[in-house]
Amino acid sequence: MCVWCDQFAAGYERWYFNPANYARRLYKIRKEAAEALGAEANPQEAGGMAILGREFLEARERNDYEAMERMKREAEQVSWGTHFGQVITLDEALKVTDIIYPISLMTCACRRSMVGLPDEENFTCMGMGPGMYKWERWPDTYRGGVHFLTPDEAKEALTKLNKRGLVQTIATFGTPYLAGLCNCDYPDCGFIRTVLDFGVRVLWRGHYVAKVDPELCNGCANCVARCQFRALSFAPTRNKAYIDEFQCFGCGLCATECDQEAITLVERASLPSLANVW
Amino acid sequence: MTMGWKYAKPIREKLMTVEEPGKPLPFDADRGLVEEVTARFDIKALVESLKGKDKKGTREALEGFGKEVMKLTIELADGKYIDRTGEMLERVAKQTGISFPHRLERYVELSILASRPTDRWNIAKATTKELVLQVSSCVVQKAMEEAGLKDLPCKGMCLASFETAAGKTGDKIKIEMAKTMPRDGMCEFLISV
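Each protein sequence line maps, in turn, to chains S and A.
Position 181 (the first sequence) corresponds to 181 in my numbering; numbering is contiguous.
Position 35 (the second sequence) corresponds to 35 in my numbering; numbering is contiguous.
If you are wondering where the hints come from, they were derived from the structure by calculation, not from laboratory data.
Don't take every hint at face value.
Calculated cross-link-like contacts (lysine to any residue; reagent style SDA-like; alpha-carbon spacing at most 25 Å) [as the list claims (entries may be wrong)]:
hint : chain 1 : residue 1 : chain 2 : residue 2
1    : A       : K71       : A       : G22
2    : A       : K56       : A       : I43
3    : A       : K168      : S       : T150
4    : A       : K179      : S       : T150
5    : S       : K28       : A       : Y7
6    : S       : K31       : A       : G22
7    : A       : K172      : A       : L149
8    : A       : K125      : S       : C5
9    : S       : K28       : A       : S136
10   : S       : K163      : S       : E267
11   : S       : K155      : A       : S136
12   : A       : K6        : S       : D185
13   : S       : K28       : A       : R84
14   : A       : K129      : A       : S99
15   : S       : K160      : S       : P214
16   : A       : K67       : A       : W5
17   : A       : K44       : A       : R84
18   : A       : K94       : A       : K179
19   : S       : K31       : A       : R103
20   : A       : K142      : A       : T169
21   : A       : K172      : S       : K31
22   : A       : K125      : S       : K163
23   : A       : K71       : A       : K6
24   : A       : K125      : S       : D152
25   : S       : K155      : S       : K28
26   : A       : K155      : A       : R40
27   : A       : K6        : S       : S233
28   : A       : K71       : S       : S270
29   : A       : K155      : A       : K172
30   : S       : K31       : A       : E35
31   : S       : K163      : S       : S273
Make a model of the complete structure from these sequences and hints.
Set out below in structure tokens:
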């Protein structure tokens with residue numbers, strides 16, 4: 001079990017199946033003008049798009065490992081309290097759509113800032129929960145606008161995004177409040193880049209690990225390009241897919257692509273060597 | 001039937017964009033709503049009026065109070081003190097065809113904020129099937145204790161109020177109470193459709 005389930009599952013199978021982590025009040029009594037204008041609680045600011053600053057890159061440049069470790073620890077502490085993600089499978093994401101409302105399809109702030117994707121090609125992110133009724137408060141975050149989906153429409157969109165090769169992740173905005181259902185890939189996603197390139201755990205592994213059955217794998221290698229975490233490779237001598245389980249985030253993108261059903265997801269907790277690798 | 005969404009593209013007929021960039025919008029509950037409702041409905045006076053009443057009379061008084069508070073809240077919240085959260089919530093409900101839980105939750109929250117602004121409460125669950133409201137500190141409960149009134153059916157006030165809101169939203173609700181004050185330290189209302 002991950003630490004977030006320990007703290008916030010409250011009897012549910014996973015912490016992101018606990019409806020309390022999506023529920024919030026709609027209202028508070030209005031204060032002064034600055035608040036009405038949206039000066040507080042900007043989701044993009046909470047998102048910490050630049051959780052590691054220039055200082056970290058400079059420390060890396062001069063091989064100052066002590067400073068890097070310190071900055072990583074600090075960044076992780078900030079992230080875990082305010083905004084971090086965890087990988088979930090498509091099936092889990094579909095289940096989540098039944099316990100959250102409303103669900104909006106919006107532009108992805110990461111793709112906007114990382115690759116400069118124009119709004120009209122960038123409706124790949126989902127915001128959810130009562131905060132979405134106030135989306136106009138932060139026009140920069142919700143640039144391009146939003147549309148609200150029914151749970152069935154959200155399922156359809158998630159399935160399409162998964163098919164396209166995007167990883168579903170669930171994100172907090174003030175832990176444990178969950179308000180982001182992201183659809184991520186490398187190098188677009190700030191979470192994935194930060195964890196893979198800098199080793200800062202702003203994105204937690206999911207509850208599963210993918211395994212290949214070599215008897216069923218026909219060596220087509222279609223799964224390899226699907227992996228966003230550098231966990232999958234092709235072993236030419238064996239003509240089989242190979243998964244580095246310590247690198248696997250358990251998203252299941254490889255499994256949904258495998259025609260041979262050679263890839264299955266195994267509970268992380270059932271594997272002693274991986275049970276505490278998050 | 002699918003919605004026909006093309007990958008990463010906006011759905012033109014559903015897309016909402018900022019209507020007037022730069023214009024401040026009032027998302028929170030207006031203080032005027034609180035002031036008008038609290039001026040009209042005095043909890044202490046209500047509790048005083050219960051002294052000497054029999055059970056039936058007490059229940060009727062509490063239920064009547066709850067209904068009237070909600071009626072005024074709805075009138076003001078949808079009129080003089082309309083807020084942007086409420087407007088957006090109605091637009092979203094129209095777009096998705098889903099009313100529950102937030103159309104009801106809006107009136108429930110505003111009526112509590114307006115009539116009992118010092119209460120402590122929380123929304124513990126808000127799905128399209130269930131809404132859970134937890135009230136952990138309640139001015140009505142306190143006033144009754146102070147007045148020496150015990151075992152009064154004050155929950156009738158909340159229940160009548162929420163049912164009045166459901167009458168407005170058209171949600172066919174069922175309300176259960178998993179916890180009640182003072183025994184459980186909080187009142188927990190499970191409202192389902």
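Structure-based check of all given hints:
1. A:K71 with A:G22: violated, 34 Å
2. A:K56 with A:I43: Holds, at about 19 Å.
3. A:K168 with S:T150: holds, 22 Å
4. A:K179 with S:T150: Given pair K179 of chain A, T150 of chain S is violated - Cα atoms ~32 Å apart, limit 25 Å.
5. S:K28 with A:Y7: Cα-Cα ~37 Å, so violated.
6. S:K31 with A:G22: holds, 19 Å
7. A:K172 with A:L149: violated, 33 Å
8. A:K125 with S:C5: With a Cα-Cα distance of about 18 Å, the restraint between K125 of chain A and C5 of chain S holds, given a limit of 25 Å.
9. S:K28 with A:S136: Holds, at about 17 Å.
10. S:K163 with S:E267: Within the cut-off at roughly 22 Å; holds.
11. S:K155 with A:S136: violated, 36 Å
12. A:K6 with S:D185: This hinted pair holds, its Cα atoms lying about 18 Å apart.
13. S:K28 with A:R84: OK: K28 of chain S and R84 of chain A at ~13 Å, within 25 Å.
14. A:K129 with A:S99: Within the cut-off at roughly 10 Å; holds.
15. S:K160 with S:P214: violated, 28 Å
16. A:K67 with A:W5: Violated, because 44 Å separates the two Cα atoms, which is more than 25 Å.
17. A:K44 with A:R84: violated, 32 Å
18. A:K94 with A:K179: violated, 34 Å
19. S:K31 with A:R103: Between K31 of chain S and R103 of chain A the Cα gap is close to 23 Å, so the pair holds against 25 Å.
20. A:K142 with A:T169: violated, 31 Å
21. A:K172 with S:K31: Status violated; Cα separation ~34 Å.
22. A:K125 with S:K163: Measuring from Cα to Cα gives roughly 31 Å; hence the hint is violated.
23. A:K71 with A:K6: Violated: K71 of chain A and K6 of chain A sit about 44 Å apart, past 25 Å.
24. A:K125 with S:D152: Distance ~20 Å between K125 of chain A and D152 of chain S Cα, so the pair holds.
25. S:K155 with S:K28: Violated - the C-alpha atoms of K28 of chain S and K155 of chain S are around 32 Å apart, more than 25 Å.
26. A:K155 with A:R40: holds, 20 Å
27. A:K6 with S:S233: violated, 30 Å
28. A:K71 with S:S270: violated, 55 Å
29. A:K155 with A:K172: Holds, at roughly 19 Å.
30. S:K31 with A:E35: holds, 14 Å
31. S:K163 with S:S273: violated, 30 Å
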